[in-house]
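Following the hints, complete the assembly by docking chain Y onto the known chain V.
Protein chains in written order, with the working numbering: chain V, 1 to 129; chain Y, 1 to 147.
Please keep in mind that the hints were generated in silico from the structure rather than gathered at the bench.
Note that the coordinates shown come from a computational prediction; the quantities given were computed from them, not determined experimentally.
The reader is advised that the hints may include incorrect statements.
To be clear about the criterion: a stretch of chain Y counts as covered by chain V if any three or more of its residues have a C-beta under 8 angstroms from a C-beta of chain V, and this derived list gives those stretches [claimed, not checked]:
(1) 29-36
(2) 111-117
(3) 136-144
Cut-off 25 angstroms, straight-line C-alpha distance, at most; resulting in silico cross-link-like pairs (DMTMM-like, lysine to aspartate or glutamate) [as the list claims (entries may be wrong)]:
(4) V/K36 / V/D78
(5) V/K25 / Y/D62
(6) V/K64 / V/D83
(7) V/K36 / V/D56
(8) V/K64 / Y/D62
(9) V/K128 / Y/E107
(10) V/K36 / V/D83
(11) V/K36 / V/D109
(12) V/K128 / V/D56
(13) V/K25 / Y/E138
(14) V/K25 / V/D83
(15) V/K128 / V/D83
(16) V/K25 / V/D56
(17) V/K128 / V/D78
(18) V/K64 / Y/E138
(19) V/K128 / Y/E138
(20) V/K25 / Y/E97
We put the CB at the ideal spot given by N, CA and C, even for glycine.
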Amino acid sequence: MNRINFPAFLLCVALSTGAAFAGSKFTGNGHVWITKNADGSGSGSGYLGMIYNGPDNEWIGCQKSSTNLVMCHAKNTDQLIVDCWANSAFLANSVSSISADARLVFIFDAGGRCTQITVQHSSAFEDKQ
Amino acid sequence: MMKGLSNGRRARLVSAAILMGFVSAAGAGSRYNVPGVVRISEDGQGGWVVEGTLGEVRNSPDSVHRISCLQTRTEVINAGGLPSRTMRVTCQAANTERAVMCISGSEAVVNALNGVSNDALLELHITGSICTDIIVYESSGTIRKAA
Chain V
1 MNRINFPAFL
11 LCVALSTGAA
21 FAGSKFTGNG
31 HVWITKNADG
41 SGSGSGYLGM
51 IYNGPDNEWI
61 GCQKSSTNLV
71 MCHAKNTDQL
81 IVDCWANSAF
91 LANSVSSISA
101 DARLVFIFDA
111 GGRCTQITVQ
121 HSSAFEDKQ
Chain Y
1 MMKGLSNGRR
11 ARLVSAAILM
21 GFVSAAGAGS
31 RYNVPGVVRI
41 SEDGQGGWVV
51 EGTLGEVRNS
61 PDSVHRISCL
71 QTRTEVINAG
81 GLPSRTMRVT
91 CQAANTERAV
101 MCISGSEAVV
111 NALNGVSNDA
121 LLELHITGSI
131 CTDIIVYESS
141 GTIRKAA
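Just chain V, same shape as in the assembly (with noise of 0.2 angstroms):
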């Protein structure tokens, strides 16, 4: 009932990784890739321990609270830097979920709230070395 279409599954993976097919290993370069709309609006993602372990000026991050403010930032290695703010529970929870090793997208609207925080757990992710 819930077999899938086991090329199709990879393919979706490499997909959903950004990669080409790697196998168990992704094997892209995990950089902060940073987007920024003509309105404010935008995004920053990138994968944590890649980055940690590579050789770049590169950072991204979240933080919250007690009061559950969340803060989320990142600087890519053309040196530009977002960052977003929200005073959310519900985004809080999102914070929570971040490892290490994990990979963290979080996008933002025109007026710099934090709109949507996405954290991926993956065997095929590379940890802090």
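Here is chain Y on its own, set in the frame of chain V:
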């Protein structure tokens, strides 16, 4: 097999299964190995139970082995100041015999991944294409990711 069980009963059975997976390593603490690295077994009711640790699966020499969960929370504040919230989790796993994936919008299921570490054991319960339960096991025995 476990679908009809209460959460407490299920948790005890899971714990017992996990205890059986521990083996002693020479000169080191006990290690927990999942049979087959990624175990995807039928639950007896048409669904699947998936088990794998992020570390052991990554370290596997077989490039097919994979286990992954992605969670997304979205919160948009409307003009009236009211929040609109959605959440979704998508999990995927594969071994040499099969691949499965599941999704869920259940807050409880999504929140089960809160605090998951980089070497956690993930146990997925799947009915159809729905993740009906996600169990996260953290232990001294779970194998950490190698470089």
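Q) Where does the structure disagree with the numbered hints, that is, which hint numbers, in rising order? A) 1, 3, 8, 9, 14
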